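2 protein chains.
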Amino acid sequence: MTVPLTRIDHVGIAVRDLNAGIDLYTSLFGLTVAGRETNEAQGVREAMLSVADSPGGASYVQLLEPLGPDTPVGRFLAARGEGVHHIGYGVDDVAASLAALREQGVRLVDERPRHGSLGASIAFLHPKSVGGVLTELVQSAAG
Amino acid sequence: MTVPLTRIDHVGIAVRDLNAGIDLYTSLFGLTVAGRETNEAQGVREAMLSVADSPGGASYVQLLEPLGPDTPVGRFLAARGEGVHHIGYGVDDVAASLAALREQGVRLVDERPRHGSLGASIAFLHPKSVGGVLTELVQSAAG
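Here the protein sequences come in this chain order: A and B. So in this note's numbering, spot 56 of the first sequence is number 56, and the numbers just go up one at a time. So in this note's numbering, spot 65 of the second sequence is number 65, and the numbers just go up one at a time.
Quick caveat, the hints were computed from the structure, so don't treat them as lab data. Some hints here could point you the wrong way.
No copy labels: a pair is met if it fits in one copy or bridges any two.
Within a straight-line C-alpha distance of at most 25 Å, the following computed DMTMM-like cross-link-like pairs (lysine to aspartate or glutamate) qualify [as the list claims (entries may be wrong)]:
#: 1; residue 1: Lys128; residue 2: Asp17
#: 2; residue 1: Lys128; residue 2: Glu111
#: 3; residue 1: Lys128; residue 2: Asp23
#: 4; residue 1: Lys128; residue 2: Glu82
#: 5; residue 1: Lys128; residue 2: Asp92
From a predicted model like this one, the values you see are computed outputs, not experimental measurements.
Using the sequences and the accompanying hints, generate a full structural model.
Structure below.
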């Protein structure tokens, strides 16, 4: 059973300095900050910058500054420097999507949905199962 | 002057084998192939897979297989393995966007628009100027 993707929800980008990243994307591209939060569980301080709205929901550039070097994004920065960390796609139901993907033998990072940005329910799939791309499924709070 | 982004147009993903990549994204996520082409100038064989439609235009996963090791995507694969290669954002006018970004001191890969996927007019910005992200501006053929 396939898991239909409703949209590209966001591009997750690792940055060393969140404020500098926000300045860059707002000054070059006029993006606006839809929300800022600290996610201790993921070890990041982050901002969601709106790119556009679509019927399936908005799309964002998500900037991620690690809370310390010994976090997933901290290790990513040390190994690769700033750049794209993951891609988030919209789905209607994260829990059902995880069940369907598990049945297909996809390796999951998250066995069950957890708290994401802007109140969304999210889960990560392992890059080994998605062609080297750390892939996030996003069920937005809006619907 | 900022350059407004109208949407996340596509995520460009480097793959070793285009057919295997297409099989993966169609079987897991039910994406459909909107177009396949070979771009000799960029040294890639590629496919655009539709994720969703939005008022600003469709969004895609773009899979890129290098035509040889001595191409940008071939060198990317050798250095980093499969994964996200670049992000493409929609703009209304690529030429005007390049002029505005050049004035802001942004380093450009392409000084003028060139031919992209599905008949689009495109240009790349250097990752040094966009927080480590190879960034593509896309003016789609549809409008």
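Against the structure, the hints come out as follows:
1. Taking the shortest Cα distances, Lys128 and Asp17 sit within 25 Å of each other only across copies (15 Å), while inside one copy they are farther apart (29 Å).
2. For the homomeric pair Lys128 and Glu111, the shortest alpha-carbon distance inside one copy (16 Å) is at most 25 Å, but the shortest distance between copies (36 Å) is not.
3. Taking the shortest Cα distances, Lys128 and Asp23 sit within 25 Å of each other only across copies (15 Å), while inside one copy they are farther apart (33 Å).
4. For the homomeric pair Lys128 and Glu82, the shortest alpha-carbon distances inside one copy (21 Å) and between copies (10 Å) are both at most 25 Å.
5. Taking identical chains as interchangeable, the C-alpha atoms of Lys128 and Asp92 lie at most 25 Å apart only when both belong to the same chain, with a minimum of 24 Å there against 36 Å between chains.
Checked against the numbered hints given earlier, this structure breaks none of them.
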